[in-house]
Amino acid sequence: MLGNIFSSLFKLSFLLTVLRMATPILFASIAAFVTASAGVANIAVESIMTFGALAGILGSYATGNVWAGVAIGLVVGAGTALLIAFFSMRLGADPILIGIALNTFADSLSIFFLYLATGEKGTSASLLTPTLGSVDIPGIKSIPVLGEILSGQYILTYVCWFLLIVLFIMIYKTPLGMRMRACGLNADAAKTAGINVGRIRVFSLVLSGLFAALGGMYLSLNSIHLFSKGMVSGLGWMGIAANGIANGSYGMLLLSALLFAVFRGISIVFSQSAVFPVDLVRAVPYFAVFFFLTISSIISYLRIKSGKVEEQ
Amino acid sequence: MTDRSEKKLNLSITNPTVFEAVKMIIALLIAFVIMFGVLCLISDNPVHAFVTILTGPFAKRRYFGAVIESFIPYAFAGLAAGILFKSGAFNLGAEGIYIISGVAVAAVACTAVTTSHFLHPILCILAAAAVGGVLMIIPSFLKAKFGTNEMVVSLMLNSIYSGIAMHLIRKYLLTKTTSTIGSRDYLKTAKIGYIFEPLRISPCLVLLIVCTIILYLVMYKTRLGYQIRLAGANPKFAEYSGISAFKLSIATAAIAGILAGTGSACQLLTQSSFYQPDKTAVGIGFSGMLLAMLGRNNPIGIVIASFLIKYLEQGANVLYFSDTSVPSEITAIIEGIVILLISSQYFLRGLREKKLLQEGLGKNAR
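Line by line, the protein sequences give chains A and B. The opening position of the first sequence corresponds to residue 197 in the working numbering, with each subsequent residue numbered one higher. The opening position of the second sequence corresponds to residue 3 in the working numbering, with each subsequent residue numbered one higher.
Think of the hints as simulated: they come from the structure by calculation, not from any bench. The C-beta atom is built at its ideal place from N, Cα and C for all residues, glycine as well. Mixed in with the good hints, there may be bad ones.
Beta-carbon label-pair distances, calculated as ranges [stated by the list, open to error]:
{"hint": "1", "chain 1": "A", "residue 1": "I495", "chain 2": "B", "residue 2": "L128", "range": "31 to 41 Å"}
{"hint": "2", "chain 1": "B", "residue 1": "T113", "chain 2": "A", "residue 2": "I345", "range": "52 to 62 Å"}
{"hint": "3", "chain 1": "B", "residue 1": "Q360", "chain 2": "A", "residue 2": "R499", "range": "52 to 62 Å"}
Looking at chain B on its own, in the form it has when it is part of the complex:
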């Protein structure tokens, strides 16, 4: 046991956490410089465009409220992908889970199962979480048992689920009023209201914070979390220490599926009044994987990353109102550059090693 009191707070770059943070900041700076360069090429007023993307969401309260409301489902997708990636599983199934869980949400939300405004959304979320938890297991089970390529399987399942979701909605819940494929309107009791309306703070935010804290504690303070991290860092070692890779991957996938299902329910019940399988929740599961990479698979990091990315996207949307020469997809450039740089082990490694070397030599000289 090391005595914590003797450990001095190390704020130099040799501390791995500080190094990660420095890497993140430099990657962000590089990304912003490149984004500014791109803006110079495509916009007549690059400075204004740049400032608007960075500060746009503060221009009006409802812009900022939209960020708070819309980042929640993405954060859930990020958490789901993060726990899978951390355990070394490349199960990309969250996208499909978002779409198929949506059917469960819509089915419960369109049925008068209860008259309680409190209970109805909870039942919707539980239904989605159950569907997600079960279905997310399929690719991980096949991988753990038979060695099937989980990436391909999960991606194929995404397309299959999307087809099934369309079919189910068309067959059982189709609305008669719109021309697009969408479910009936949810019952009023199912909608999730706001706790603080001006900033669009809903109970979903509370749910997200609770889930994040629980997930953080599970990952870093429990035996299961330790096993998941160990299996991700060194699967052979985990196996030799008697950890059942099979049970672990099933448990991880189930947790990820529950998170994705919950996120899907949050998306549906706050962002839409009826469910369109090809629209309402599309793309969130895939974005979650990028957010997990941005947050370095750490639950708290993922939530922060989700908020920042949604903030930038909102900024780009605000810019698009005044300057249509810049498509809002420009944020993808920032995301891409930062992800590429921070997932590179050797990026800036020279800097840290030099410092380590200096410190080591210094100690010897004394």
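If we strip away everything but chain A, and leave its shape as in the complex, we get:
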């Protein structure tokens, strides 16, 4: 019995599960990363994902077109990010407090709008909406193992992979990205060099909002095509944790996000068998984040203590 479970972790289907689990975490990770690299913390990723997920569903229901829904979700994501930017930069509110407040409101606010649209407070199941679905790539599909991985994924998964590459190029290979990183490293120096720090940061926040909204819509507009209360369930925070572990390294960011996805996959596989207590198995991904984040901070603490790295 136990052997069966563990052997199922080494099958192709498990890899596919992990890839499916990874996409929203990857979106959340780049949402956290892009603002952190410009020197602002967007801890509202979780709430923007919730708003994006709901706006995508309601938008595609209202317009009857799933792409219009995606557009509306993106607008809501960017709008929330602009709201954070307005209150933290123009009105001098603490961005962390604003983020905590938004995250805490996300649930009741989304239920409010869900109720107005459907008359229900749990899910949007009563709304029949078109879905985004998946894409088969003709040539690649017939390649044995690789075909199953590269073809037949959800559209938003391809969007995610594409954005990962574009973001890398933007941050590390373009003048704009260099300016963003300059704002993150030393805002005063960046200002002296003639960079409009405020504008760069607003730009990074909006990008972050767009990424987070896409992550949210990945949850609501794909196969299950419904919004349910609490569906984001900490994925946004996993992105923020991945960004914390990465500490500015893009490769580490993606690795941590994938690592968290593996534990989400393990949690799903294990919860299908009755061997382990189901309540504890469900907490495994959160424990993994807790564990790896703590370990990574202990490692950097020891490195600073032994004098290998200077404290920032």
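Given the coordinates of chain A, assemble chain B onto it according to the supplied hints.
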């Protein structure tokens, strides 16, 4: 030393306290105007809806009693979050503490540890406070020692505690009668009764008032409180003045955990007869953070804010009985707008600065 008798009572907007109060009132007014606007959009009878939300709890005595009873656990969560925020710690662990302390409460409440109606609830509260005080330290310890992101850690712990609580209840205390995951019924001796039944005033209210006063005195009249506030306002300065940030953050987290555990016990022993980890105390810890922001991290402000928010929520519930077009979550709009506005440093700052400038110029002219 300034001579207090020479200080005149300054009621103009230049006084920071008055300014805060004015800001709060204007933020509330803006929020009510926006709420009315929203009601106009979604309700057929917006005026009635608006009036019901504001006066609904007075319609029946038990509505008002429900406000008095239900705001207590939220106020405790607000106090817990408030002391953490005031010390500059973004430990969001109260939610998890409420859920895991609930297991301790349920375990003690389901066991015949004593036959005394007086002692049994006290033991429950002590168990919850102990569990809360210890577990709340984890994120703050990791932050103070290794610099771990306490927000993420505490949120992950919330989910982990929720899983552990479900597991413990399912394994050791599961009731055989209901289909949901819930503990056995508490023993009769564990229930907290009422001091004044018509308004549902329970000993928990007394406990809350006592805790609030103690917390206020600790925060504003003792060395520890001064250090906590200093560390929150300017951590570098606190460090250079020889305050141990490590000890301070542990002490703060322990106090917050004890408050959260106590609040959890109050919630369980007054609002439920058995414990459901995914239902009974869910969401209170998170709401507490908003209440702390509304009360500007001041213990008395937090208790007032908790009461007002619960009052509005009850009003929205009363409205929902007659007009189902308005979901009771509408109060979240008021909360959100007020929090965003009052936590904005620059909101209305121009008004105060103008006045300050005028006064300054006036003095020079003389």
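Check: Among all the numbered hints in the text so far, which are the ones the structure does not match?
Finding: none
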